[in-house]
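K.L.:
Sequence:
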Amino acid sequence: MRFLLRTAPGSSQEHPHAIVEYAGTESDRSSFALHSFDAVKKHLERIPFRLRNRYSGVAALMLAWVTLFADNDIWTLWKNHRLLGEMRSQREWYDREIASTKAQLEEIANDQELLEKFARERYLMKRDNEDIFVLVAEQ
0 MRFLLRTAPG SSQEHPHAIV EYAGTESDRS SFALHSFDAV KKHLERIPFR
50 LRNRYSGVAA LMLAWVTLFA DNDIWTLWKN HRLLGEMRSQ REWYDREIAS
100 TKAQLEEIAN DQELLEKFAR ERYLMKRDNE DIFVLVAEQ
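Per numbering that gives the first Met the number 0, the sequence shown runs over residues 0 to 138.
Be a bit skeptical, because a hint or two may be false.
DEER-style ranges, computed between Cβ atoms [said to hold, decoys possible]:
#1 Asp-94 with Asp-127: 36 to 42 angstroms
#2 Leu-60 with Lys-101: 55 to 61 angstroms
#3 Glu-44 with Thr-66: 24 to 30 angstroms
#4 His-80 with Thr-100: 28 to 34 angstroms
#5 Asp-130 with Thr-100: 26 to 32 angstroms
I should point out that these hints are in silico values taken from the structure, not numbers from a laboratory.
C-beta atoms are modelled at their ideal positions from N, C-alpha and C, and glycine is treated no differently.
Just need the whole structure built from these sequences, with the hints factored in.
P.N.:
Put into structure tokens, the structure is as follows:
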């Protein structure tokens with residue numbers, strides 16, 4: 000079996016768009032086709048029987064695409080699920096903080112002495128005849 004390489008008409012050198020012709024007999028050509036078909040058949044036999052059907056193959060490809068390459072693939076779903084769990088725990092923490100702040104607000108609103116203490120400690124408020132000294136510990 001051999002191939003002849005023929006260049007374009009009027010050209011003396013090889014051309015990148017050369018025409019390839021088969022220069023063998025008809026029986027050689029058919030044996031070449033059978034040999035290549037046998038090689039393809041061997042590769043196809045490695046694929047499980049159910050996936051050889053074109054519909055099953057397309058379904059498997061679509062499943063792979065959806066799980067690996069789509070916008071909502073498995074990795075993204077897992078990250079979003081983990082982020083949702085973190086946000087829910089943050090929401091619980093904020094709910095507890097809101098509840099404790101409301102309890103402190105109600106307690107301060109009902110007790111005038113506690114309101115004055117809170118204002119002096121938190122916002123450094125003072126009476127007209129007082130001076131405030133803030134002592135900060137050195138580190």
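K.L.:
Looking at the structure, which of the earlier hints fail to hold?
P.N.:
none
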